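Visitor: What follows is the residue order along each chain.
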Amino acid sequence: MINKKMLVFFLCLVFILVGSANILAEEPRFGGHLRVGLQSESVPSLDLHQTGVTITYHVGWHILETLFTLDEEYKVIPMLAKDYEVSDDGLKYTIWLRENVKFHNQSTMDAHDVVASLERWAALAGVGRRTLENVNNLTIENDYTIVFELKEPMGIFLLNLAIPNQGAYIYPKELVEEFGEEDMGDTIIGTGPFKLDEWIRGRHIQVSRFDDYSPVDFDATGYGGKKVAFVDRITFLPFPDSTVRAAAVETGSVHQADFAPTIEYQRLEAHPNVNTWMAGPRGFDALMVNARSELLSDPLIRQAILAAAHAEEVARIRYDDEAVWSLSPSIFPEGSAWYSEAGAEYYNQANPERARELLEEAGYDGTPLKLMTSTGRQEHGITFKRQLEAAGFVVEDTIVEWATLVSRRGDPELWDLYTTGFTWRADPTQLAFLDPNFAGWWEHPRKEELVEKMEIEHAFEKRFEYWEEIQELIYEDVPLIKLADYKTFRISHVDLKNYINMIDIFFWNTWLD
Amino acid sequence: MATGKLLYKIFVNPRGIIGGSILLIFVFIAIFAPYIATHDPYEINAWARYLRPDLSSENLLGTDRFGRDLFSRIIYGSRISLVVGVSIMLTTSFAATFLGLVAAYYSRVDNIIMRIIDGMMAFPPLVLAIVLMAMLGPRLSNVIIALTISYVPAFTRVVRSNALSIKQFEFVDAARSIGLPSWRIVLKHILPNCWATIIIMGSLRFGYAVLAEAALSFLGVGIHPEVPSWGTILSAGRDVLRVAPWVSIFPGIAIFLVVLAINLIGERLRDVLDPLTLT
Amino acid sequence: MTVYVIRRLLYLIPIMIFVGTFVFLLIHIAPGDPTSYLLSEEATEIQRQAMRERLGLDQPMYVQYFRWFSQLIRGDLGESISLRQPVSQALIQRLEPTFIMAILALSIACLIGIPGGIIAALKHDTYIDQILMSIAMFGLCIPNFWLALMLALLFGVYLGWVPLVGYTPFLEDPVQCIIYLLIPAFVLGFSGRSAAISRLTRANVLETMGKDYIRTARSKGLSERVVIFKHALRNAMLPTITVIGASLGGLLGGAVIVENIFSIPGIGQLLVASVHRRDYPALQGAVIFVAAIFVLANLAVDITYVLIDPRIRYD
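Residue numbers (our numbering), protein chains in the order written: chain E, 11 to 523; chain C, 1223 to 1501; chain A, 2 to 316.
Calculated directly from the structure, the hints in this document are not laboratory data.
Every value quoted in this text rests on a predicted model; they were computed, and no experiment measured them.
One thing to keep in mind: the hints can contain errors.
As the list claims (entries may be wrong) - The calculated DSSO-like cross-link candidates involving lysine-lysine, where the alpha carbons are at most 27 angstroms apart (straight line), are:
| no. | chain 1 | residue 1 | chain 2 | residue 2 |
| --- | --- | --- | --- | --- |
| 1 | A | Lys124 | C | Lys1231 |
| 2 | A | Lys212 | C | Lys1389 |
| 3 | A | Lys231 | C | Lys1389 |
| 4 | E | Lys92 | E | Lys161 |
| 5 | C | Lys1231 | A | Lys212 |
Unchecked claim - Rough simulated footprint, nothing fancy, chain A against chain E, three-plus residues with beta-carbon under 8 angstroms:
| no. | segment |
| --- | --- |
| 6 | 210-220 |
| 7 | 416-422 |
| 8 | 444-458 |
All residues carry an ideal CB built from backbone N, CA and C; glycine is no exception.
Model the full assembly from the supplied sequences, consistent with the hints where possible.
Guide: And the structure:
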């Protein structure tokens, strides 16, 4: 008994100590050298107009900034823009820029830099092209005011200027003129709280505090608000192996690592040096359905596949720990404004009997269903194959390297289904599979109509209505099969303070103890 | 030497008996796998993942990431590993012996063969196999093709160098001087003296092949990962070494035993066939 | 001899061209291209095509080949697509761990293999011979892949003596660097290599001991020491040298597995990553680089041949 009491006393003491330590840690501290473990040695570019690969902006957006960004609820807020105004017909956007914002080369950002950057963005990035194609006139009213005149109203106009992946980052005009569409390599100059010191390819990328950074005047929220570079330097180091990455955080040789091994979740959570974070849901796993496949042209067969899908089984095998995945029929995760249960009865049916009935009705003749999986998602492919076979399908599955899958998915003759995943987007219109050009080639007159309406519409209620109908269509027409939502498991060393866990990682406003 | 007498000589010996019995057991296992296995090696159970080995339970050697029964997978895996090992041993031995002897004896083709071999050998075998697999795609037959192409050059070189050193012996000169046709000299005088090398190298290839199959799986260019082979099982073990070491332990033991058996037999073969060691 | 060496060095050129062309063909025929790792998973074919054009991958293969080849002739291996750095620079960065590991592994293999083989031969048919040959047999049969995992399990997980996987650059912390490389190098040196060396050494020593000239030497009344070291070993070492030379290729191949198991950022890891990423210039460069090392090693072996065995002449 005494032991138990002692234990309780001890625990209380520990809690008090930990509590007070936390209070102490609330005091921000300047200085220090922050080290971050990257999930790959390949950082294709820091020129963020060039590519949307996650790792590029996780590093690059410490250096570069956009006109708008997203707050903690993933809503659009101004960043380099001071304010904006939309005309009543939704066709005219006036954007006022913040004054006295310095680039790392000491020049001051103005409307000319912004317009040059936006034009480059439109030339290089898909979202940029779609956004500026809808702009009739882009005029510089004065050094700090630009006006967009749109062809048609565009509800997601500001959002497109705010997204982080392959977003509308602002460079000095001289730099844009010097490089044109070429990659800027390590001549990256932006307005961010950190500036690029050195980029030794394959070794590390180092940024340091930009002393003349001019933050916005409202509190930090999400990816925006007042940014402060507390640490002197950040070094991004490649640790391609997740076990090594996790070990590096345990021993303190790096302070943070993304995509930690989910199989070690329990152990890392109990580790005294490690804080664990679950970010997201970051996205969901899916099976893309080939709309141009002869076999799958029969909607009954597509429904049969949907009926056979057992998302929970796939998720359990894929994600090791229940903390990582969740089941939801909604394309957008719970908590998102776009969450909807439209079509829920079709989700995760795990009903091979029903699938069999549908197949019989369709007169399925045993033509093999070609299932294509990349090595990185083999758990999906293998598990789903078993599910399809249990439902009476004949499955011909291949597991290939990612590069092979990407080149094969472009040819509709080579596959019927492939395993993939989609990351969470701020707006439904940005979902890749809604684009009829995306491998899978989903075309549906009603869908096209709804997407168009969504792009034009401003009012959220209306847009949500359209979206619910699209989601319903996704379950009726089966252009893809949604599996489970997944979170990103990331870990940080206890020395890293005020880490803000959003979907994407950033290290302004955090400090080291 | 009559085959019966040869087999008698090889296997009536402690090493021969041990090697032979282990191999026989695995051949037996491979043939009767469906009767020995306790489960369907492909059957998934998402609610029984990474079960510990427990001889009193249903899953003797535990389960893997998919909740598949490891015992059954290893039993079935003997089929793939034996097929890979035997095929590659035979294809490489045959090709390398042929090329090596031809190169050693006919100096005119020697240059051509050796230049190509030099070029091919500039690739570490596994690297060549990886690139070939990236091109060919993940199939068992492709693994055999890729590994054969990768292993033949080095093997050929050794056979050739062995044959070259034999070529310098007086008895070859003698045979030539009495006017024997060159193919007879090669077959009757040089080849028999190369058996030792060929058998040692050949039996090594068996082990290499079983191992390389695992390595290719690990590097993401092996056979289809759902197919139970010791390689695919083992390659899935690395990331869960801390959580589920048994996934790595058991298939490795199986590989070790088979390679041991093959090597013991290879050694006996060498002792019996190699006239130099006999005398 | 000098002429021979020069000729062999010149011979490196066609070999490198062969190697480069062969790997160029294989990897370009392989399905997929580098854009899959440069663009996000959700990129459309249109974006992919645009990226291909920017990288010049839309041009016919022979155009790409000649562009690469003309660079190569000028000694330029090109620029890695995924790493955004010159291939030569990427290779130099990754040479250190591979080099240290190979040296360690080869030393371990020879230190175990050669004395083991000689002792076993001299103590032929005694229990020492049997023990040594059993160890060799063990080393020969144990899959290096598995041995690596088991040692990592024992020393990394259960005993916790060494970090499970990873690497520290030598200049940063030499001791830590060697600690990281010790198990990988042991695995590479012991399994297969040391066993092959000791078995071959033993077989050859035994073989030469039975030769006429050894008998002659003995009958001349030379001491056993002189017979063994001056006559028997010298001749017995010849095939052993081939095996050590050939080991280098196997070693580099083994390094590919071991570097990937232990996550060591060496040439082997670059090779595999470049295959997966279809980083054509990096892969071609890495293979040519490895090939050059290997051919030079073979040359060294052949020269040693001549030095050891006066019967062989290259004129």
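Visitor: Given the proposed pairing of Lys92 (chain E) with Lys161 (chain E), does the C-alpha separation stay at or below 27 angstroms?
Guide: 24 angstroms, holds
Visitor: CA of Lys212 (chain A) to CA of Lys1389 (chain C), is that 27 angstroms or under?
Guide: 16 angstroms, holds
Visitor: Can you confirm whether chain A covers the segment 444-458 of chain E, using C-beta to C-beta distances below 8 angstroms and requiring at least three such residues?
Guide: holds (count 4)
Visitor: When you check the alpha-carbon spacing of Lys1231 (chain C) and Lys212 (chain A), does it fall within 27 angstroms?
Guide: Holds, at about 25 angstroms.
Visitor: Go check the segment 416-422 of chain E versus chain A for me, would you? Three or more residues, Cβ under 8 angstroms, otherwise it fails.
Guide: holds (count 4)
Visitor: For a C-alpha distance cap of 27 angstroms, please report whether Lys124 (chain A) and Lys1231 (chain C) respect it.
Guide: It holds: about 24 angstroms lies between the C-alpha atoms, which stays within 27 angstroms.
Visitor: Given the proposed pairing of Lys231 (chain A) with Lys1389 (chain C), does the C-alpha separation stay at or below 27 angstroms?
Guide: Holds, at about 24 angstroms.
Visitor: How does the coverage statement for the segment 210-220 of chain E fare against chain A, requiring three or more residues with Cβ below 8 angstroms from a Cβ of that chain?
Guide: Answer holds; 3 residues pass the 8 angstroms Cβ test.
The earlier numbered hints are all upheld by this structure, with none contradicted.
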